[in-house]
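Q: One-letter residues, chain by chain:
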Amino acid sequence: MQLRPQKRKKIGNFLASSSLALLCATTSLAKDNESPASKKNIPPSPLTEYLSPTTSAHKSWAEWSGEVGLLGYSETKGRVQAIEPALLLNAKLSDDQAWSTKLVFDSLTGASPNGALNSEQPQTFTSPSGSETYIISPSQQPLYNQFRDTRINLSTSWTAPLSRLWKYNLGFNGSTEYDYLSLGLNASLTKESEDKNQSWSVGLAYTSDSINPVGGVPTPLAQMRSPSQGVLRSGGSESKVTYDLLMGLTQVINHRWIIQSNVSLGVSSGYMNDPYKFVTIFDDTNSATLGNPTSYIHEARPRDRFKRSLFVSSKNHFKTGILTVSYRYLNDDWGLSSHTGEASFNFSLSHSWRLEPSFRYYAQSAVDFYQLALGESQQIPQEITADYRLGDLNTIAPGLKIIRKLEDSKELSLILRYYQQNGDISSFTPVGSQIGQDLIPKTDAYIVQMHYSF
Amino acid sequence: MSTWVRLSVISTFLLNITACSILGVRPWERNLLSESEMQFGTHPLEEGFDDHIYFSKEGSSGGRGFSAGGCGCN
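First to last, the protein sequences are chains L and Z.
Counting from 1, one number per residue, gives the positions in the first sequence under this note's numbering.
Counting from 1001, one number per residue, gives the positions in the second sequence under this note's numbering.
Keep in mind that the hints were calculated from the coordinates and are not lab data.
Remember, it's a predicted structure, so these values are computed and weren't measured experimentally.
Glycine included, every Cβ here is placed at the ideal spot set by N, Cα and C.
Treat the hints with caution; some may be incorrect.
Pair by pair, the computed Cβ-Cβ distance ranges are [unchecked claim]:
#1 S1034/Z x Y361/L: 40 to 46 angstroms
#2 N1031/Z x Y452/L: 22 to 28 angstroms
#3 T1042/Z x D438/L: 40 to 46 angstroms
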């Protein structure tokens, strides 16, 4: 269901023009500062002067720092496995100018849910390419097990002062994988108070995505067809554009307490379907075959989305350690609303060892067009998805970070985390053969991260 | 009043409170605040990994920074 599309369009136009204006403004102000006279007048660091332990002491052309990281992500039952190495390089130049670049390589394999419902019957599906079929055994979650992809993500940003209290940041983000290309630009302005106890920021981001699904874009709401019939396609590729506005405040409360608060708005327009997800149509009339799947259709989501969120984070320095808590509330015009809470406590074991246990809780309500499956006698709505990620669900993620402090501010850390996701099917009433099936199997994943910062 | 409106009012109120001049510290009181663990956003790779996982598995993204995105993430 699309709510007030005209209003979204206005917000989108506003964000687009504001983004351009901010980019132009920061560039022009930066150019003004390039004159020798103004360069001389730029004083050292605003926030880092007081808050950062790595204040530039040398006047060499750049002070380098960075981090290498490795993520291992493994879902149980042969589902998604991911390995993700990453490199971050920071160069701090003279006059508090800073350049940062991040490179991430992402390799995924395993099986991914195709959106269809478990059944006591064997189920045959057409692969995303439309050239072959795969069979799911009775009472097994329908997964496409040939899922594999590699992704490369490069992001870079430039930060420089505009004046004693103002600074700007310009960034680029690019990500490419087999069926997806994303390019984005962002710009932000930050102002600090005279006493350095407050920092205000505003940022805009523009992202343009190209989606090239394997075999082409399946026609939304079209029935799944066998390879011999040929999958109905609406085209070879699609696109999506996103504008984000982020406004933030960081406030020092006292010598042990600092808080951060962000409000963000995001407008997306374009193709937002998952081209590889189906919705099961089941028999809801014949008692002998009640609940059995009769066909599958390709999902269809709205082509516009407006999201807004509030994020608050707090850090308290107690005598025993540092407590970080954060909360995010997000909702959108698809009908989804979510609450995210995180807490961690970082404490010292010895001079060089620290521990940080953490816990994250997330709960979301389903989008308006989410349906686990659809009865054959019901009319197919204009928009429908059975993707569990847009349904009612909650997740928990307890974790532990082990930190080894090394010489010269270097650090080695290991993070172990367990992630569990539970879908809620209370909005769906199973019938016939669906009764007793595990209609939304829970997802369990183990996460390992290793980091070395230098 | 919707939850969003209520939260916006509360956050505006909190922001105004925090803007009060009695908050904050003097430069010589910043020794604890200057510790790396007291900084926001000092672990970009860790936060990037986490955001990518949650973006891929949940219907929400962003908030701490710009919305993640730019991937198929099936």
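Q: Hint by hint, note whether the structure agrees.
A: We went through each hint and held it up to the structure:
For S1034/Z and Y361/L, the hinted distance range of 40 to 46 angstroms is not satisfied, since their beta carbons lie about 31 angstroms from each other. Between N1031/Z and Y452/L, the C-beta spacing of about 27 angstroms keeps the proposed range 22 to 28 angstroms intact. Here the CB-CB span from T1042/Z to D438/L is close to 42 angstroms, well matched to the stated 40 to 46 angstroms.
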